[in-house]
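Participant: Build out the structure end to end from the sequences listed, making use of the hints.
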Amino acid sequence: MNQVGSVSLVAALAFGIYGVVAGVIGGRLRSLRVTRSAERATLAFFLMITVAVVALETAILTDDFHTAYVAAHSNKDLPVYYKIAVLWAGQEGSLLFWTWLLSIYGGLAVLINHRKNRQLMPYVVAVVLGTGVFFTSVTFFVANPFPVLNLQTAAGLAPLHPPEGNGLNPSLQYHSMVIHPPVLYLGYVGFVVPYAFAMAALITKQLGDNWIRVTRRWAMVPWMFLGVGILLGANWAYYVLGWGGYWGWDPVENAALLPWLAGTAFLHSVMIQEKRGMLKVWNIVLVMVTFFLSIFGTFLTRSGIVSSVHAFAQSNIGIFFAVFLGIVVFFSLTLLFLRLDFLKSENKLDSVVSRESGFLFNNWILLAAVFAVLWGTIFPIISKAVEDKTVTVGPPYYNKTALPIGLLLLFLTGAGPLLAWRKTSFQSLRRNFTLPVALAVAAGAALFFAGVRDLFAWMSLVLATFVAACVLQEFYKGARTRQVIAGENFPQALYNLTMRNTRRYGGYIIHLGIVLLFVGFAGLAFKTEAKAPMQRGDLLRVKDYVLRCEGITKGETPNYLYERAELSVVKDGKALGTVKPEKRLFKASQESISHVALRPSLAQDLYVVLAGDDEDTGKALIQVFINPLVGWVWVGGFVVFLGTLLAMVTSRIEREMAGIRRPVEEAIEEKHAL
Amino acid sequence: MRSDRMPKRLSDCRPERSEGPLHLNSQANTEVLRGLRLLRTTESTVFLHRAKWIVTPVLLMLLAPMVAQPADPDAVAKSVGDKVYCLCGCVTTLNHCPHPEAECSVQRDMHKLIRKDLAEGKSENLILGDLVLRYGAQVLASPPAKGFDLTVWVLPGFGAIAGLVIVVLLVRRFRKPTDNPAPPETLDPTLLAAVEEEMKKVVG
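Line order of the protein sequences matches chains L and Y.
Numbering that gives the first Met the number 0 applies: residue 0 is where the first sequence begins, and numbers increase by one.
Numbering that gives the first Met the number 0 applies: residue 0 is where the second sequence begins, and numbers increase by one.
In short, the hints are calculated from the structure, not lab data.
Among these hints, one or two may not hold up.
[Stated by the list, open to error] Result set (DSS-like, lysine-lysine): computed pairs, CA atoms no more than 30 Å apart in a straight line:
hint: 1; chain 1: Y; residue 1: K111; chain 2: L; residue 2: K542
hint: 2; chain 1: L; residue 1: K542; chain 2: L; residue 2: K75
hint: 3; chain 1: L; residue 1: K553; chain 2: L; residue 2: K573
hint: 4; chain 1: Y; residue 1: K145; chain 2: Y; residue 2: K115
hint: 5; chain 1: Y; residue 1: K77; chain 2: L; residue 2: K570
hint: 6; chain 1: Y; residue 1: K200; chain 2: L; residue 2: K422
hint: 7; chain 1: L; residue 1: K618; chain 2: L; residue 2: K530
hint: 8; chain 1: L; residue 1: K530; chain 2: Y; residue 2: K200
hint: 9; chain 1: Y; residue 1: K121; chain 2: L; residue 2: K542
hint: 10; chain 1: L; residue 1: K422; chain 2: L; residue 2: K274
hint: 11; chain 1: Y; residue 1: K77; chain 2: L; residue 2: K388
[As the list claims (entries may be wrong)] Chain L is faced by these chain Y residues, among others (derived, beta-carbon under 10 Å):
hint: 12; residue: D81
hint: 13; residue: K82
hint: 14; residue: Y84
hint: 15; residue: V90
hint: 16; residue: T92
hint: 17; residue: N94
hint: 18; residue: H95
hint: 19; residue: L139
hint: 20; residue: F147
hint: 21; residue: W152
hint: 22; residue: A159
hint: 23; residue: L169
From a predicted model like this one, the values you see are computed outputs, not experimental measurements.
The beta-carbon is built from N, C-alpha and C at its ideal position, and this holds for glycine as well.
Facilitator: So, in structure tokens, the structure goes:
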């Protein structure tokens, strides 16, 4: 199996290099035959990487501990679903998995554009496969998952077949870890397609809004996956790390946030180009920055250059990534400078108070956030290089920089969509803002009198009220107008309004999801916690909860030993049943981890951790957190996900526009038929 | 971490600045007024003036006085735990160390030191100072705003301001000359009727 894997990697490398060369030649010569050959090479590349992935998964699932990777990251009694996840549990497997997802994106791009965008496709293939060649090379030459274990004996090397593997890192043995890395990777990897289209547009000088229209969905898909992946990671941290929170501004968390922020800026900024023909250079720069940051994020995660809680898989591959990033920057900027003449703005700004400048400010704030987070993340490396000093840049820094930026952004989430294109009159502002501002002021006063004293939480909730009112008002006004004009009933009008412009109203739903996220974030300010050594019969009172220890039991499963506390919960005199936090010691790795017991609700979560045995009393140390509003973070994430799906549905307006454009596009395609 | 760089006192790592209330003398006031008068009356300033009914409540909300909470030992311990990293290798703040406290000796020792200091009635700053003395400056979850480390705090602000300047310059560059007025807000009623007629066709 290992030979099959290695050989397929070599074959993939060959197909990749061939595809890059054929793509460039096909594009230069405008040869359909050569371009088609390059496209087939993309599919062959996908097939070969798939074979390698199947080979590694087979080794993992059949407990082939002769393979070093399997011995290091798996063990016999690991449940099957965790064994599947072993593929991305280590450095080598992760890189192979990354390459596989890239090959899927590449293959899909080729299949979907079989008859479309013929001029761009040869270069799209070249850029996607160029990235694929880099990742395959790193996987094959530097972090190969297929070497086997050998024992040095007097007679030479003898194959070593250990009876048992080291086991999967215990903190990865949680259900969201099975999907968090793949979803996150789908996000990171996917930005290669919009980037490839942008580069192809630059190379072919096709710099109208066609590449923007083509790449919108290709950018939304990875943006959605990255966002969902980040939240799944937060969910994992919340359920597994046992400190009662979900976000710690860890360098690797930041690494995923950076391309998401840049991608958000891109998705907004493209609208100015589509509607007004402005900001063409800026959009190219944004897509480059997003792609750069997604590779940079992979680099941070994989190289171990910054210390992180995610130190699951690291080796000395940093230098290869640094060189690749250098090539990406050089290639992108050179192309951009060569094509500056083709990127002139078609329009001027009519007014400062307009949707266009709203988007400019949105971009400014998002990039300020990117800069602040990036700077904090890499500062320890810079400090080490400049002063040879180890510093830590953690939550206090981000709370002072990223939080104010986040609040400003939240404000724009509501205010931006209320500004009209070109120029917004004072009357229309008054019409649109009166209700949201009034509601926000009322909410502010109510919260203050209700005793909310945390500035961040207070502002989050006030702004959340403002934005929710802005967005809901837009839905209401739109539906009312349809009701009057088209004579539909309200739900019908609401549905038709949304489906007619899915992009706009999907976007609004995403904004509502962001509001819910901030409501969840604000809850952090009202966290209560308590800790006590407990044994059977002991009581612990936290806020309006009373926990009574019913006993401590010990036991084992094939995979781990556990210590479990059973606590009955009473809230406001009402029994709520029992919670059973555990501490697990994994047999294979001999590492232990807490298994949180959670009683979630949208108002507040009861979060109970068995933190081991108390040194002085020998009793079980029970830690309890009451976390208000955390549930809204997950709900908000889900709403963002739904909104993104809706925004990707072809709207009626889009269909009508496509009908108008199609004959023209077909004529162009025919003219350029190679 | 070189020991000569280790701060000896907390005031070395977190400079305490005494900031008195802001007083503007009459001369400064005149300067400000002159500066304000010098400002061109642009569309945006007119807009801001007209929109004072929006801006004022928003500003009031932003500046709503937030009453500080009295410090109790648990709150101080929690606040300290948010400001220092647990040095067990978990790369998280002390409050966030994922290891069970009973099994993480570093976490336990740090908590012990904090509890001891609290029992002695030390303030948050003094406790942080003790932690720095024992574990080095890297125990702080963010570097003190001093020396080269000042850049970590200052640069994001500079970056944001530079970005804002670029946006403002872009807006100015993109602005149409003012002799080209934007379309009037009120439309010709006959045109409006015609548009509505068309809308009915499309929507219906």
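Participant: Would you check the hint for L/K553 and L/K573, treating anything up to 30 Å between C-alpha atoms as holding?
Facilitator: 29 Å, holds
Participant: For the hint on Y/D81, does the least C-beta distance to chain L fall short of 10 Å?
Facilitator: Holds. Min distance 6 Å.
Participant: Close enough to count: is the Cβ of Y/N94 nearer than 10 Å to one in chain L?
Facilitator: 7 Å, holds
Participant: Hint check: L/K530 vs Y/K200, CA-CA at most 30 Å. Holds or violated?
Facilitator: Since the Cα atoms of L/K530 and Y/K200 sit roughly 68 Å apart, the hinted pair is violated (cutoff 30 Å).
Participant: Let me know if the C-beta of Y/H95 comes in closer than 10 Å to any C-beta of chain L, holds or violated.
Facilitator: 4 Å, holds
Participant: Restraint: Y/V90 near chain L, CB-CB cut 10 Å. Satisfied or not?
Facilitator: 5 Å, holds
Participant: Assess, step by step, whether the Cα of Y/K145 is no farther than 30 Å from the Cα of Y/K115, and give holds or violated.
Facilitator: 29 Å, holds
Participant: Given the hint that Y/K77 pairs with L/K570, does the C-alpha gap stay at or below 30 Å?
Facilitator: 25 Å, holds
Participant: Decide if the proposed pair is consistent with the structure: L/K542 and L/K75, CA atoms, cutoff 30 Å inclusive.
Facilitator: 44 Å, violated
Participant: Please verify that hint: Y/L169, Cβ, nearest Cβ of chain L, below 10 Å or not.
Facilitator: Y/L169 check passes; min Cβ-Cβ to chain L is 6 Å, inside 10 Å.
Participant: Quickly compare the C-alpha distance for Y/K111 and L/K542 to 30 Å and report which way the hint goes.
Facilitator: 25 Å, holds
Participant: Double-check Y/K82 for me: the hint is only fine if its C-beta lies closer than 10 Å to a C-beta in chain L.
Facilitator: 6 Å, holds
In this structure, the earlier hints numbered 2 and 8 are contradicted, and the remaining ones agree with it.
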